[in-house]
Amino acid sequence: MAAATSAPRRLSLKRKYAMLTRGLGWETTYQPMDKVYPFDRFEGIVIHDWDGWEDPFRLTVDAYWKYQAEKERKLYAVMDSVAQNNGQLGITDARYLNAVKLFLTGVTPLEYAAHRGFAHAGRHLRGVGARIAAQMQSLDELRHAQTQIHTLSHYNKYFDGLHDFAHMHDRVWYLSVPKSFFDDALTAGPFEFVTAISFSFEYVLTNLLFVPFMSGAAFNGDMATVTFGFSAQSDESRHMTLGLEVVKFMLEQDPANVPIVQRWLDKWFWRGYRLLSLVSAMMDYMLPKRVMSWAEAWEMYFEESGGALFADLERYGIRPPKHHDVAKKEKSRLSHEVWTILYNYTHAAAFHTWVPSDDEMQWLSSKYPDTFDRLYRPRYRMWREAAARGERFYNDALPQLCNVCQIPMAFTEPDDPTKIAFRESIWRGERFHFCSDGCKDIFDDEPEKMSQSWLPVHQIFQGNCGGASIEDVLRYYHLNIGADNLDYEGSPEQELWDAWTADRRTAR
Amino acid sequence: MSTRALGPYELPSRDAQANFHGNILVFVHWEDHLSFCSAVTFPLPPDMPFGALLADVLPAHYGKHPDWARADLGEARWLLDGRDFTPDPGRSLADQGVGHKSLLRFWTPGLTGYEGSFS
Numbered sequence: 005m006a007a008a009t010s011a012p013r014r015l016s017l018k019r020k021y022a023m024l025t026r027g028l029g030w031e032t033t034y035q036p037m038d039k040v041y042p043f044d045r046f047e048g049i050v051i052h053d054w055d056g057w058e059d060p061f062r063l064t065v066d067a068y069w070k071y072q073a074e075k076e077r078k079l080y081a082v083m084d085s086v087a088q089n090n091g092q093l094g095i096t097d098a099r100y101l102n103a104v105k106l107f108l109t110g111v112t113p114l115e116y117a118a119h120r121g122f123a124h125a126g127r128h129l130r131g132v133g134a135r136i137a138a139q140m141q142s143l144d145e146l147r148h149a150q151t152q153i154h155t156l157s158h159y160n161k162y163f164d165g166l167h168d169f170a171h172m173h174d175r176v177w178y179l180s181v182p183k184s185f186f187d188d189a190l191t192a193g194p195f196e197f198v199t200a201i202s203f204s205f206e207y208v209l210t211n212l213l214f215v216p217f218m219s220g221a222a223f224n225g226d227m228a229t230v231t232f233g234f235s236a237q238s239d240e241s242r243h244m245t246l247g248l249e250v251v252k253f254m255l256e257q258d259p260a261n262v263p264i265v266q267r268w269l270d271k272w273f274w275r276g277y278r279l280l281s282l283v284s285a286m287m288d289y290m291l292p293k294r295v296m297s298w299a300e301a302w303e304m305y306f307e308e309s310g311g312a313l314f315a316d317l318e319r320y321g322i323r324p325p326k327h328h329d330v331a332k333k334e335k336s337r338l339s340h341e342v343w344t345i346l347y348n349y350t351h352a353a354a355f356h357t358w359v360p361s362d363d364e365m366q367w368l369s370s371k372y373p374d375t376f377d378r379l380y381r382p383r384y385r386m387w388r389e390a391a392a393r394g395e396r397f398y399n400d401a402l403p404q405l406c407n408v409c410q411i412p413m414a415f416t417e418p419d420d421p422t423k424i425a426f427r428e429s430i431w432r433g434e435r436f437h438f439c440s441d442g443c444k445d446i447f448d449d450e451p452e453k454m455s456q457s458w459l460p461v462h463q464i465f466q467g468n469c470g471g472a473s474i475e476d477v478l479r480y481y482h483l484n485i486g487a488d489n490l491d492y493e494g495s496p497e498q499e500l501w502d503a504w505t506a507d508r509r510t511a512r
Numbered sequence: 048m049s050t051r052a053l054g055p056y057e058l059p060s061r062d063a064q065a066n067f068h069g070n071i072l073v074f075v076h077w078e079d080h081l082s083f084c085s086a087v088t089f090p091l092p093p094d095m096p097f098g099a100l101l102a103d104v105l106p107a108h109y110g111k112h113p114d115w116a117r118a119d120l121g122e123a124r125w126l127l128d129g130r131d132f133t134p135d136p137g138r139s140l141a142d143q144g145v146g147h148k149s150l151l152r153f154w155t156p157g158l159t160g161y162e163g164s165f166s
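If you read the protein sequences in the order shown, they are chains Y and C. Counting in my numbering, the first sequence runs without a single skipped number right up to 512 at its last residue. Counting in my numbering, the second sequence runs without a single skipped number right up to 166 at its last residue.
These are calculated hints, taken from the structure and not from any lab test. We put the beta carbon where it would ideally sit given N, CA and C, even for glycine. Worth double-checking, as some hints may not be accurate.
Residues of chain Y clear of chain C, computed beta-carbon distances all greater than 12 Å [claimed, not checked]:
no.	residue
1	Lys75
2	His167
3	Glu308
4	Lys326
5	Asp419
6	Asp502
Have a look at the derived ranges for each label pair, beta carbon to beta carbon [unchecked claim]:
no.	chain 1	residue 1	chain 2	residue 2	range
7	Y	Asp258	C	Gln143	48 to 58 Å
8	Y	Gly470	C	Asp119	34 to 44 Å
9	C	Ala52	Y	Thr32	18 to 28 Å
10	C	Pro156	Y	Asp174	39 to 49 Å
Sequences and hints are given; from them, build the entire structure.
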């Protein structure tokens with residue numbers, strides 16, 4: 005008798021996942037499916053069988069909730085402890101915090117944008133498995149934004165430049181680089197969005213953002229950043245899996261998808277790489293205790309692991325992203341060129357820069373033997389001499405910006421680090437400028453869209469940024485002039501840090 | 048190619064010349080002096096004589112560099128939008144083909160930056 009009711013009382017995980025991702029979907033009849041899902045065809049991606057979608061994690065909602073709740077409990081326990089024990093005193097040097105400022109003001113709003121983007125994909129992809137994965141990632145991204153804002157909130161009590169990050173993200177010149185990257189992805193269709201963010205950024209490039217940055221935080225005593233980093237990292241592995249899955253799924257569904265996916269991989273590799281150039285400066289210049297150089301990180305996380313990945317994708321007819329060879333040539337100068345930009349325009353930034361110390365120059369010279377002593381050490385010597393005369397160099401004219409990545413056009417020719425790479429296109433009688441063949445290709449492919457770039461320099465000259473003087477523009481940015489900006493040397497932050505650590509120095 | 052979109056995607060260019068209140072944007076780069084991180088952007092009246100660019104605009108910007116005092120602009124080699132160019136100081140920017148978002152690159156002979164480092 006008992007045998008008749010011996011059906012398992014609990015479903016297996018596999019069965020639960022199948023019920024969630026297959027059992028909950030249906031073909032609509034009151035309205036045609038194309039009207040219910042109006043966004044998933046226009047990009048040209050052909051899907052024959054959404055059931056071909058496999059999520060290796062098979063995460064169900066109850067399991068998701070349980071794991072995330074555990075992570076949150078641990079995270080906020082550490083954050084409370086950082087706050088109660090004055091964790092900000094444990095960092096190696098207040099200069100370090102400027103890397104954190106760049107990360108929290110540049111990346112945190114992107115986490116929120118990712119939340120929005122995946123919510124959109126989670127509504128508009130018609131396969132239920134893909135929708136569920138996108139929805140869970142959407143929640144992850146919202147959680148990441150929140151954990152980072154909590155970290156920002158702690159540091160904002162003691163350090164300058166963090167007080168109005170959301171406002172600044174929409175206005176400040178260097179923040180237009182991450183913002184425009186994500187705006188481009190958000191305004192594409194759902195397949196391009198997922199390829200851009202899940203695959204190109206999270207799978208191919210994210211290790212370059214998170215691993216060196218979080219190791220850098222650990223090396224430099226920043227427990228708050230380490231904590232949100234660890235909490236996010238377990239989600240990242242799921243996101244990377246989604247990225248690879250979505251790309252393989254598109255490639256397997258129809259051969260017509262291959263050239264479209266290749267075009268997106270080319271575009272988003274390059275856009276992601278240009279965005280990460282900010283990270284190169286953080287790694288080589290902003291960490292008082294260095295972890296590894298940008299060139300080493302690029303070799304380890306892109307040339308080696310990326311190389312293996314693209315070898316694996318070759319059987320689908322996919323080749324490594326265009327211009328990856330240029331990135332390789334740029335690795336021994338990228339961080340120096342970016343630091344030069346930031347040093348030139350620190351008077352208009354919500355963080356500080358400085359000339360590297362002698363020890364730091366020694367480190368840079370050992371990591372970049374072919375370029376540093378020849379090209380960059382003299383530059384820093386010149387700037388140090390000017391500063392000693394009381395004439396710290398700031399660039400008073402506004403830079404020429406790349407119309408695609410929006411970074412000042414400081415990048416040099418792939419085969420000549422002494423010549424700026426100038427590229428241009430003429431479209432409908434108007435001239436457009438680019439820092440590289442990679443950015444020019446992106447413009448030439450979608451000129452209608454890329455000619456809409458909100459370039460901060462041009463917006464200032466159109467009169468849309470609060471006025472004509474630099475002070476007017478900084479006020480429009482909500483910068484605290486004289487505190488947030490200018491060289492670290494002589495900043496209120498340096499004064500405060502020196503006062504805090506005076507005991508340590510006399511004890512030594 | 049053109050932008051893949053759900054519907055017509057036609058918007059006026061965000062940086063059309065008409066948006067700059069009578070000015071044009073001119074990008075200028077002093078070659079071999081990369082301590083100035085990139086070319087710079089000047090909003091200039093198109094009827095401004097080229098000589099004013101040479102006498103006023105450039106010295107105000109580049110004067111901070113120790114090489115500038117030795118720079119002889121009369122001897123400089125110029126590229127306008129990728130083509131060799133010999134500026135006439137007396138004629139206007141527009142008259143000699145300097146247009147909206149034109150790029151002017153110039154080399155000052157003998158000067159290759161601080162201690163020859165291209166900085």
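Okay, the hints, checked on the actual structure:
{"no.": "1", "hint": "Lys75", "verdict": "38 Å, holds"}
{"no.": "2", "hint": "His167", "verdict": "27 Å, holds"}
{"no.": "3", "hint": "Glu308", "verdict": "31 Å, holds"}
{"no.": "4", "hint": "Lys326", "verdict": "15 Å, holds"}
{"no.": "5", "hint": "Asp419", "verdict": "15 Å, holds"}
{"no.": "6", "hint": "Asp502", "verdict": "29 Å, holds"}
{"no.": "7", "hint": "Asp258/Y - Gln143/C: 48 to 58 Å", "verdict": "54 Å, holds"}
{"no.": "8", "hint": "Gly470/Y - Asp119/C: 34 to 44 Å", "verdict": "39 Å, holds"}
{"no.": "9", "hint": "Ala52/C - Thr32/Y: 18 to 28 Å", "verdict": "25 Å, holds"}
{"no.": "10", "hint": "Pro156/C - Asp174/Y: 39 to 49 Å", "verdict": "45 Å, holds"}
Violated hints are absent here; each numbered hint is respected by the structure.
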